[in-house]
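Engineer: Sequence:
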Amino acid sequence: MPRPARVSPVAGAPPDQLSLFDRLDQAFPGARPTLPKRPMPVAATAAGLVHPQATHRLQLGPLLLGYQLKRAARRSIGFVVRPEGLSVTAPRWVRQADIEDALRHKADWVLRKLQEQQERLRRQGQARVAWGEGAELPYLGAPLRLRLDAGLHGVRWLPALLAGQAPQLCLGLPADTPAKRLREVVQAWLQQQALALFHQRCAQFAPQLGVQPRRVRLSAARTRWGSASADGNIRLNWRLIHLPLDVIDYVVVHELAHLREMNHSPAFWALVQAVLPDMQARRAALRHPVLPPWDDDAPGPQDADE
1 MPRPARVSPV AGAPPDQLSL FDRLDQAFPG ARPTLPKRPM PVAATAAGLV HPQATHRLQL
61 GPLLLGYQLK RAARRSIGFV VRPEGLSVTA PRWVRQADIE DALRHKADWV LRKLQEQQER
121 LRRQGQARVA WGEGAELPYL GAPLRLRLDA GLHGVRWLPA LLAGQAPQLC LGLPADTPAK
181 RLREVVQAWL QQQALALFHQ RCAQFAPQLG VQPRRVRLSA ARTRWGSASA DGNIRLNWRL
241 IHLPLDVIDY VVVHELAHLR EMNHSPAFWA LVQAVLPDMQ ARRAALRHPV LPPWDDDAPG
301 PQDADE
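Residue 1 is where the sequence shown starts when you use the working numbering, and the numbers rise one by one after that.
None of these hints come from the bench; they were simulated from the model. Idealized CB from N, CA, C, for every residue including glycine. Any given hint might turn out to be false.
What follows is a list of derived Cβ distance ranges for each label pair [what the hints assert, rightly or not]: (1) Ala73 to Asp108: 28 to 34 Å; (2) Ala163 to Asp98: 56 to 62 Å; (3) Asn263 to Glu84: 27 to 33 Å; (4) Leu152 to His56: 56 to 62 Å; (5) Thr55 to Arg147: 49 to 55 Å; (6) Arg92 to Arg217: 19 to 25 Å; (7) Arg222 to Asp108: 24 to 30 Å; (8) Gln273 to Trp157: 30 to 36 Å; (9) Trp157 to Ala270: 35 to 41 Å; (10) Asp108 to Asn263: 25 to 31 Å; (11) Pro266 to Arg123: 33 to 39 Å; (12) Leu152 to Gln53: 45 to 51 Å; (13) Gly164 to Asp98: 54 to 60 Å; (14) Gln200 to Ala281: 18 to 24 Å.
Produce the entire structure from the sequences given, and follow the hints as far as they go.
Structural biologist: Written as structure tokens, this is what we have:
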């Protein structure tokens, strides 16, 4: 897939729902599965094997899994794996024995996702920004270096002058600016750029889909990259600004397509693919992105049995 042209920062823009990666949990077979005989993946550490709010425990081979169980008015058993561990949501009428059978049936998936979450946390720890002069963070899929200059007024973006160099974000702040203040200024700039860029990309793709969004707004959701409502409102996660433009465009097109098809039917996916023939590759890039934590949190779709 050709890499999209580099996008420079854009001028500011003016400041129910279907979610990207909606949780469409699958029903489990009625048969009582047996514990898998093949070796199960073993988590690298015990972290995540016991949920801090665990209500139930289940022995899976050599491992003791502690999970949080919630009952709800739903038709199927759903699993969601987050950094803290496994949460299970089950219909009120399902027996505990059937829930445990479903867990044994999904043991490989659950343990693999727990491993992936721990690895993701490790990588996110490495992606932490050391807020100060010379710090780097991802912007549109490439490093952006911070420069502090008390003699400068406002914020200025400077392109890289030589190959291999990172563009710079020059901020009118003294070198001893507290990390919290520096983070706030950079976040405000990134959000301004994100909103302006999202308006631009919506304006580009909306005519191709025959839609017109009523309003485009930012979100800071922990588990959604974007959402669309029946009244024409689009919300896009500002943290997308860290990712490459082709990935951002996928989320934009995905949400715009919901203004035609408020579902994830074959007709919906056909709309997305008509605009982005390589949508699968773009979608895959959203599964496990590594983004710098902001206030010890990082958004992104959580792992679920979809």
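Engineer: Determine for every hint whether it applies to the structure shown.
Structural biologist: Hints, one by one, checked against the model:
no.: 1; hint: Ala73 to Asp108: 28 to 34 Å; verdict: holds, 29 Å
no.: 2; hint: Ala163 to Asp98: 56 to 62 Å; verdict: holds, 60 Å
no.: 3; hint: Asn263 to Glu84: 27 to 33 Å; verdict: holds, 31 Å
no.: 4; hint: Leu152 to His56: 56 to 62 Å; verdict: holds, 57 Å
no.: 5; hint: Thr55 to Arg147: 49 to 55 Å; verdict: holds, 50 Å
no.: 6; hint: Arg92 to Arg217: 19 to 25 Å; verdict: violated, 36 Å
no.: 7; hint: Arg222 to Asp108: 24 to 30 Å; verdict: holds, 26 Å
no.: 8; hint: Gln273 to Trp157: 30 to 36 Å; verdict: holds, 34 Å
no.: 9; hint: Trp157 to Ala270: 35 to 41 Å; verdict: holds, 38 Å
no.: 10; hint: Asp108 to Asn263: 25 to 31 Å; verdict: holds, 30 Å
no.: 11; hint: Pro266 to Arg123: 33 to 39 Å; verdict: holds, 35 Å
no.: 12; hint: Leu152 to Gln53: 45 to 51 Å; verdict: holds, 48 Å
no.: 13; hint: Gly164 to Asp98: 54 to 60 Å; verdict: holds, 58 Å
no.: 14; hint: Gln200 to Ala281: 18 to 24 Å; verdict: holds, 22 Å
Violation of the numbered hints given earlier is confined to hint 6; every other hint is satisfied by the structure.
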